[in-house]
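Respectively, the protein sequence lines represent chains F and E.
Each residue of the first sequence is one higher than the last, beginning at 1 in our numbering.
Each residue of the second sequence is one higher than the last, beginning at 1 in our numbering.
Please note that the accuracy of each hint is not assured.
One-sided excerpt, in silico: chain F residues whose CB lies under 8 Å from chain E [what the hints assert, rightly or not]: (1) I45; (2) K52; (3) N109.
If you're looking for bench data, these hints aren't it; they were derived computationally from the structure.
Quantities reported herein were computed from a predicted structural model and do not represent experimental measurements.
All residues carry an ideal CB built from backbone N, CA and C; glycine is no exception.
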Amino acid sequence: DTAVSQTPKYLVTQMGNDKSIKCEQNLGHDTMYWYKQDSKKFLKIMFSYNNKELIINETVPNRFSPKSPDKAHLNLHINSLELGDSAVYFCASSQDAVTGGRSPLHFGNGTRLTVT
Amino acid sequence: GQNIDQPTEMTATEGAIVQINCTYQTSGFNGLFWYQQHAGEAPTFLSYNVLDGLEEKGRFSSFLSRSKGYSYLLLKELQMKDSASYLCAVITLRGNTPLVFGKGTRLSVIA
Numbered sequence: 001d002t003a004v005s006q007t008p009k010y011l012v013t014q015m016g017n018d019k020s021i022k023c024e025q026n027l028g029h030d031t032m033y034w035y036k037q038d039s040k041k042f043l044k045i046m047f048s049y050n051n052k053e054l055i056i057n058e059t060v061p062n063r064f065s066p067k068s069p070d071k072a073h074l075n076l077h078i079n080s081l082e083l084g085d086s087a088v089y090f091c092a093s094s095q096d097a098v099t100g101g102r103s104p105l106h107f108g109n110g111t112r113l114t115v116t
Numbered sequence: 001g002q003n004i005d006q007p008t009e010m011t012a013t014e015g016a017i018v019q020i021n022c023t024y025q026t027s028g029f030n031g032l033f034w035y036q037q038h039a040g041e042a043p044t045f046l047s048y049n050v051l052d053g054l055e056e057k058g059r060f061s062s063f064l065s066r067s068k069g070y071s072y073l074l075l076k077e078l079q080m081k082d083s084a085s086y087l088c089a090v091i092t093l094r095g096n097t098p099l100v101f102g103k104g105t106r107l108s109v110i111a
């Protein structure tokens, strides 16, 4: 009965490869997010989708492409991986968009990406 | 711009009380969250403040002063399991990035 689940938990790959991280939530939430947490533990938003529509797209290289086939899923595809992409990527969801809404984020357990 | 400041690290003794401060400067304030994150795990929601004052929830309380751009998280009767990072996050009315996280305060509880 996991609320927000993401796979894989660990991902080790070489520079230049393409990889995907999957995320699913069973909370019935309308909004989903991808966050990146770097080695200094700074949590920064990358993307947000509300009912399958992109509502936030922070300054992220276009090698990162989110895809939301339905409101319960938000996957992240990364092309041409670079060393600086190494981080923990968290998927999250909330009942409504955080702007104007006050519902807290529910995070997945994270995907630790290591690019060598 | 937006800026959120928290101490990087704190240490406290089991059974004691600790206060973790968060100051923010933001254009358009619409609420503040506190999250707890244990090492290697996901952040989990602790509290939400939008009006001035103290919100109490068991051993944890959170305070907000909007005029001062200041919040704190108060942890009472500290337990070893409270050793974690505590993240302050501010909801702003700025369009693109409505929720901004601070860098977190790593709390170590010692015997």
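Cross-check of the supplied hints:
no., hint, result
1, I45, "6 Å, holds"
2, K52, "19 Å, violated"
3, N109, "5 Å, holds"
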